[in-house]
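Undergrad: One-letter residues, chain by chain:
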Amino acid sequence: MTTPRESSGRRLDASMTLLTEVMERPLDPGYEAAARRRRERGEPPAKGAVRSPLTLLTLVVVGLLLVAAGLQARGQSTVLQRERAQLVKEIQKQDAAAAKLQKSNAKLQEQIESDRALRLQQQAQGGLADQVRRLGVATGAVAVVGPGLVLEVDDAESVNDQSGVNDPRAGTEADDGRVLDQDLQVLVNGLWGAGAEAVAINGQRLTALSAIRSAGLAILVDYRPLSPPYRISAIGNPATLQARFSDGAGGRDLQYLKDNFGIRASITSSKNLTLPASSGLDVRHAVPEGGVPGAAVTPTTTGTTSGRSGSSSLPTTQTGHQEDQP
Amino acid sequence: MIPAIGLVVGIVAGLLLQPSVPVWAQPYLPIAVVAALDAVFGGVRALLDGIFDDKVFVVSFLSNVIVAAFIVYLGDQLGVGSQLSTGVVVVLGIRIFSNVAAIRRHLFHA
Numbered sequence: 001m002t003t004p005r006e007s008s009g010r011r012l013d014a015s016m017t018l019l020t021e022v023m024e025r026p027l028d029p030g031y032e033a034a035a036r037r038r039r040e041r042g043e044p045p046a047k048g049a050v051r052s053p054l055t056l057l058t059l060v061v062v063g064l065l066l067v068a069a070g071l072q073a074r075g076q077s078t079v080l081q082r083e084r085a086q087l088v089k090e091i092q093k094q095d096a097a098a099a100k101l102q103k104s105n106a107k108l109q110e111q112i113e114s115d116r117a118l119r120l121q122q123q124a125q126g127g128l129a130d131q132v133r134r135l136g137v138a139t140g141a142v143a144v145v146g147p148g149l150v151l152e153v154d155d156a157e158s159v160n161d162q163s164g165v166n167d168p169r170a171g172t173e174a175d176d177g178r179v180l181d182q183d184l185q186v187l188v189n190g191l192w193g194a195g196a197e198a199v200a201i202n203g204q205r206l207t208a209l210s211a212i213r214s215a216g217l218a219i220l221v222d223y224r225p226l227s228p229p230y231r232i233s234a235i236g237n238p239a240t241l242q243a244r245f246s247d248g249a250g251g252r253d254l255q256y257l258k259d260n261f262g263i264r265a266s267i268t269s270s271k272n273l274t275l276p277a278s279s280g281l282d283v284r285h286a287v288p289e290g291g292v293p294g295a296a297v298t299p300t301t302t303g304t305t306s307g308r309s310g311s312s313s314l315p316t317t318q319t320g321h322q323e324d325q326p
Numbered sequence: 327m328i329p330a331i332g333l334v335v336g337i338v339a340g341l342l343l344q345p346s347v348p349v350w351a352q353p354y355l356p357i358a359v360v361a362a363l364d365a366v367f368g369g370v371r372a373l374l375d376g377i378f379d380d381k382v383f384v385v386s387f388l389s390n391v392i393v394a395a396f397i398v399y400l401g402d403q404l405g406v407g408s409q410l411s412t413g414v415v416v417v418l419g420i421r422i423f424s425n426v427a428a429i430r431r432h433l434f435h436a
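Chains as they are written, first to last, in the working numbering: chain A, 1 to 326; chain B, 327 to 436.
If you're looking for bench data, these hints aren't it; they were derived computationally from the structure. Possibly wrong hints are sitting among the right ones.
Claimed, not checked - Partner residues are not named here, just some residues of chain A that face chain B (Cβ under 7 Å, in silico): (1) Asp28; (2) Pro29; (3) Val62.
Claimed, not checked - For each label pair, taking beta carbons as the anchor points, the in silico distance ranges come out as: (4) Gln94/A to Leu342/B: 41 to 47 Å; (5) Gly407/B to Ser104/A: 49 to 55 Å; (6) Lys100/A to Pro348/B: 23 to 29 Å; (7) Asp375/B to Leu54/A: 15 to 21 Å.
Don't be surprised by glycine CBs; every beta carbon is placed ideally from N, CA and C.
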């Protein structure tokens, strides 16, 4: 091989001796050295070296090494896949179990509420029953119906195109076009500020104890993961709710999200919305002032079976624990 | 012929025995494989050049594997394991390519 030389005799690539060495002399110099020694000693070239047990043994080891590496690489991927599938299955199982428990919880709460209403009625304490139900409406402990509006927000279209799935729980990349928990917080606050009396997101009723937060890319409301589109249903005065929301901070924020991030949103008003009772309204430590510590009352109330309305100004209570329907 | 049989025997034995690599040795396995391939192709080329020597072959194989594993180990301890692995793979890869090119010239005269 010729090497480039300057007139002075210094190699042009003198600064890259390592690479040159690797490129030009890939063969182990030991082979040449051994051959030279043999020539010097006058021995013939090592013809039988190829068949020596040493060579054979080394090649057996090489074969073993290759197989071990191959098995290792393959085994790793299958183990990972198996564990993933197991985890997915477990998640789905627990999800279903949680949904079932929630359903039975709602049913039991409904039962308790109706029993209590009946009992208070029998004890001629109808005023108390009405008060319980009115408080239940305000705290989110009972399902409610009434007029209001439905605000539906969804991720920008580019997000769905990129990830291919419309489920934030499956995605891994953060994206600007995604609806975030703080967006929902601002919108819900805007609705409260506009005079909403009861709010639910995707059928999860919001109470004083509700939290809207995110885990990974999923938005959790009361620790239940939601998937878009997010339907925020708010019950309130139909004449003023929408206008006040649009003029307030929530409406401005929604417009900003639409203009800058392509988030899709629509507002429809509805004459008859049904919001379910909250499932997470448990007070364990707080007691009324003057009460007995350790004997916390749990406001376990859902809708009553009776059709009486507590007050004309408040939405009437409902029997069902169902999704909001416009 | 006989060396090829040795290689096949090793592969078959591996498939039959299903050797499991201990966890502590797993990071060094890929590098060891590349180093072993380098030694094997170097040996084949030396054979075709007519200067094959069994002792040199064995020593080059063992030293390749051990040095490569040691470099990876050292890199892991220093926190630059992946970079040093890349370096080892680049150097050995260039050598493998050059040797395979020489083997090709010997076999096909092209």
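Undergrad: Indicate, hint by hint, whether the structure satisfies it.
TA: Verification of the hints:
1. Among the interface hints, the one on Asp28/A holds; its C-beta lies about 5 Å from the nearest C-beta in chain B, closer than the 7 Å criterion.
2. Among the interface hints, the one on Pro29/A is violated; its C-beta lies about 9 Å from the nearest C-beta in chain B, farther than the 7 Å criterion.
3. Taken as an interface hint, Val62/A checks out: its beta carbon lies about 5 Å from the nearest beta carbon of chain B, inside 7 Å.
4. Range check, Gln94/A to Leu342/B: about 42 Å between beta-carbon atoms, so the 41 to 47 Å window is met.
5. Evaluation of the 49 to 55 Å hint for Gly407/B and Ser104/A yields a pass: the beta carbon distance comes to about 53 Å.
6. Against the hinted window of 23 to 29 Å, the Cβ-Cβ separation of Lys100/A and Pro348/B comes to about 45 Å, which falls outside the hint.
7. A beta carbon spacing of about 19 Å between Asp375/B and Leu54/A agrees with the range 15 to 21 Å that was offered as a hint.
Figure legend: structure checked against the earlier numbered hints; hints not met, in rising order: 2 and 6.
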